[in-house]
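Engineer: As you go down the protein sequences, you meet chains A and B in turn. Numbering-wise (my numbering), the first sequence opens with residue 1 and increments by one. Numbering-wise (my numbering), the second sequence opens with residue 1 and increments by one.
Worth double-checking, as some hints may not be accurate.
Claimed, not checked - In silico PhoX-like links for lysine-lysine, alpha-carbon gap of 20 Å or less:
hint, chain 1, residue 1, chain 2, residue 2
1, A, Lys162, A, Lys149
2, B, Lys64, A, Lys246
3, A, Lys33, A, Lys385
4, A, Lys64, B, Lys122
5, A, Lys64, A, Lys53
6, B, Lys33, B, Lys149
7, A, Lys149, A, Lys246
8, B, Lys262, B, Lys33
9, A, Lys64, B, Lys64
10, B, Lys149, B, Lys162
11, B, Lys162, A, Lys122
Unchecked claim - Interface residues of chain B toward chain A, partial, derived using beta-carbon atoms under 10 Å:
hint, residue
12, Thr68
13, Gly70
14, Ser208
15, Thr274
16, Val291
17, Val439
As the list claims (entries may be wrong) - Restraint ranges, calculated between C-beta atoms of paired labels, are given here:
hint, chain 1, residue 1, chain 2, residue 2, range
18, A, Gly244, B, Ala138, 39 to 49 Å
19, A, Glu112, B, Lys91, 43 to 53 Å
20, B, Lys246, A, Gly244, 49 to 59 Å
Derived from the structure by calculation, the hints contain no laboratory data. Idealized CB from N, CA, C, for every residue including glycine.
Number of protein chains: 2
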Amino acid sequence: MKKLVLLIVAPLIFCWTIVSVNSECNLPTNLIKEIQSYEEIATNIINSLTTGKYKGGTYNELAKFVDTFGARVSGTENLENAIDYALALMKQYGLENVHGEEALVPHWVRNEERGEILEPRKANLPVLGLGSSVGTLANGIEAEVVVVKTFDQLKGLNTTIKGKIVVFNEDWITYGTSVAYRSHGASEAARFGAEAVLIRSVTPFSMSTLHTGWQDYEEGVVKIPTACISKEDAQLFQRYQDRGQKIVVRLHLNYTRFEDSKSRNSVGEIQGSTYPDKVVLVSGHIDSWDVGVGAMDDGGGAFISWYALAVLHGLGLRPRRTLRAVLWTAEEPGLVGWAAYNASHYNELDNFTFVMESDEGTFSPLGINYAAGVEGGCIIQEIVKLLAPINATQAVPSTNGVGSDISAWTSSLLPGASLLNENQRYFWFHHSAADTMDVLDPDNLDKSTAVWAVVSYIIADLTDDFPRNRDQPRVKVVN
Amino acid sequence: MKKLVLLIVAPLIFCWTIVSVNSECNLPTNLIKEIQSYEEIATNIINSLTTGKYKGGTYNELAKFVDTFGARVSGTENLENAIDYALALMKQYGLENVHGEEALVPHWVRNEERGEILEPRKANLPVLGLGSSVGTLANGIEAEVVVVKTFDQLKGLNTTIKGKIVVFNEDWITYGTSVAYRSHGASEAARFGAEAVLIRSVTPFSMSTLHTGWQDYEEGVVKIPTACISKEDAQLFQRYQDRGQKIVVRLHLNYTRFEDSKSRNSVGEIQGSTYPDKVVLVSGHIDSWDVGVGAMDDGGGAFISWYALAVLHGLGLRPRRTLRAVLWTAEEPGLVGWAAYNASHYNELDNFTFVMESDEGTFSPLGINYAAGVEGGCIIQEIVKLLAPINATQAVPSTNGVGSDISAWTSSLLPGASLLNENQRYFWFHHSAADTMDVLDPDNLDKSTAVWAVVSYIIADLTDDFPRNRDQPRVKVVN
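Next comes chain A alone, as it looks inside the complex:
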């Protein structure tokens, strides 16, 4: 489980490759007709959210939530209070079987952090520690800086690294590629005797913004402090070094890693009328980083998930199978809430018909990104046609899994989907102080909830189970 968690660290998003949609679907005519028969229901759901009773509801509930709790960090009492609030909210909106499911989660907090450039020019150096980092000794670290752009450059410098602060000024390529410097930079540099590591914030766009995130120490390698700096300061260091100027930095980093503590995945359902044991799962994660308020990552995803069920309940819609909203805890420190859930529900996974997660933004929705095999893809293509009133009719297959928490499930075992949306700016705000309600738009949240509700409802209500065949060897998920 640990290995799995380490391998798939945090959002494995935007990794999908667009492959041509199979235009030669051969779904049975009666299945096509059955899907088409949901048109009126789909339109009712959409209308209730875009012009009716539920218009603005997702945004307003989410705003009240984040304005009340702010950041919701794994291991904190504040997160547990936020979870209590979310559970109460799901009950208030009529969801069934509302409860928390325990998970033991990491608890790492930043106490104080300061950076200063001493040479070639005295200046403040804003730093933001990476999750799980150790701190410096009480009197800090003062050392010369060496800037590298890649791990290969680091290896090339070899013995000259000893005693230095390594700055990784990695280029933004994709999140999946560039995040390696955040995840593994500290241990990679520690092998060569570095004193500390600063990484350029992993983002395609910066306004002197700091973007934190979890990092992993490799076993057997000395643990050195690691933090991010802005893209701008990384580039400044690059220019100093390229001009042959000596760079000296002082760091005071103070963090505490507490014992793991109890948290909960939050669950609410609409129980199935015919097959209550069969589950279509919609999800997002409720925890966030400690900077910003996690409105985008992943307040939006968590709230469209339970609110989709609230809307369906309010419209009197009960599908044949159970619809289950899960608000994962402790996604940020490595999908920890999901791992606990997977362990305790592993023997029931055969009953999981379809799993969905939104953790890549709830900007203007375009449709569905799916990992569901050829036949499953054809079904989704039919379903999203019913989203024409909100122009969210794209069905894009993923060659890997989808979602973050559910990525291990959907990369091999279970068919699933994530929300395809206009999230080109997602990483501008990701894990930074800029992740606030201002990133979100009420109308886009309405439409995102509509996509979520329509797709999950239809899949949960179809006569036949969604096809499990992923056209790939079925790989066992380690539990």
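Since the structure of chain A is already known, use the hints to place chain B on it.
Structural biologist: Just chain B now, with coordinates in the frame of chain A:
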């Protein structure tokens, strides 16, 4: 002078209205031919900057400058050191008559500032004081917050303002419109007994970014502390208030306003071969705010100005009239360097043929924004045709003045121009920690310098003086 300075506070930019370019220019054929005869020279200038010896030079010199000095605040020793460096640089590149001209400038510094939301949820509140603000008493201010979007709303609330902290959550309309809340918010709220004022940062786009700027207390109104907060926090306060939630904030703001001190406008020239007393002036300002490093505002404008002369000198080009680069000091506290220069050169203004300033960004250049009357506009339209190799052929008239320091000159008295460029994102970075070298692009700086060099050289070299007639009553600039 004071009155003038107060009236035209800081960049009066983006106030121009696009009016249709006069397509019926009736310039004398010999003048058109004379302008066309500069094609080879213009192309040489452009090539030297885009592919030749000077390629990358503007960016590299500017980067060295801002990396060495960082922010350059009016009244500080650091600004004076930066001015010494700039003067030495102009000499090194062969400019003539390089010297500083004294100006008495404001000196306001932030010592410490902290904001905290106490109710309805304890949270840190990042604040950034506005230039010239007084501080709070040593133990700070703790008061209830009232949010208004407009001055009219403030007046409507009247007596309920007493003892409160007023938050101006003004919408972004244009900089010229919205900046009124920054410039005058404190005095407007103080009339009603407010204890302090927080304004929403004046920007169309925020990443939880703080945007400072100068503010003006009205004479006879009690001076209360004033700072900006992020757009996100202003919107948060709006939501709290709209829900009927009580908001309490604590502020500790500590600033010092020192006596005005001596600074200098930095001057370098290529003296005219035929009319050395006649001047074409190119300019930008060398001072900056204390957040960020003023790379964009206005390092770019200052550096394309002197570097344009450096390139012309390097190419052996000496125009008939004198080309003068001026790097204004203390623009940010209200065009103070310009005012001193205007006062000491007021009797020579008849010799100022044409004045140029770039203080609206040096992004991809599009051409010239001018305030030059109908005939002058026709001449500029001919000149910018020579900028076709870099697609900077637009000539857009302004109905007001152009530039910031030179706005009083160009709104009535003198013909002038500013750099038209793709500056849609200018105010994203303006007066914030995000104003760094990363905003700028080496190629765009090369092209901006080329526009500056070509236009100023031709106007300084034409047989006849650039027409002074502004087709408006000539208003005397107060000195």
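Engineer: A separate judgement is required for each hint: does it hold in the structure or not?
Structural biologist: Results of checking the hints against the structure:
1. A:Lys162 with A:Lys149: holds, 18 Å
2. B:Lys64 with A:Lys246: holds, 14 Å
3. A:Lys33 with A:Lys385: Holds, at roughly 12 Å.
4. A:Lys64 with B:Lys122: Roughly 15 Å between the alpha carbons, so the hint for A:Lys64 and B:Lys122 holds.
5. A:Lys64 with A:Lys53: Holds, because 18 Å separates the two Cα atoms, which is no more than 20 Å.
6. B:Lys33 with B:Lys149: violated, 55 Å
7. A:Lys149 with A:Lys246: holds, 18 Å
8. B:Lys262 with B:Lys33: violated, 47 Å
9. A:Lys64 with B:Lys64: violated, 47 Å
10. B:Lys149 with B:Lys162: holds, 18 Å
11. B:Lys162 with A:Lys122: With a Cα-Cα distance of about 43 Å, the restraint between B:Lys162 and A:Lys122 is violated, given a limit of 20 Å.
12. Thr68: holds, 6 Å
13. Gly70: Because about 6 Å separates B:Gly70 from the closest Cβ in chain A, which is inside the 10 Å limit, the hint holds.
14. Ser208: Check passed: Cβ of B:Ser208 comes within 4 Å of chain A, closer than 10 Å.
15. Thr274: The hint is violated - B:Thr274 has no Cβ within 10 Å of chain A, the shortest such distance being about 42 Å.
16. Val291: holds, 9 Å
17. Val439: With Cβ-Cβ at 9 Å, under 10 Å, it holds.
18. A:Gly244 with B:Ala138: 39 to 49 Å: Taking Cβ atoms as reference, A:Gly244 and B:Ala138 lie about 47 Å apart, which means the hint holds.
19. A:Glu112 with B:Lys91: 43 to 53 Å: holds, 46 Å
20. B:Lys246 with A:Gly244: 49 to 59 Å: holds, 58 Å
Of the hints listed earlier, those the structure fails to meet are numbers 6, 8, 9, 11 and 15, in rising order.
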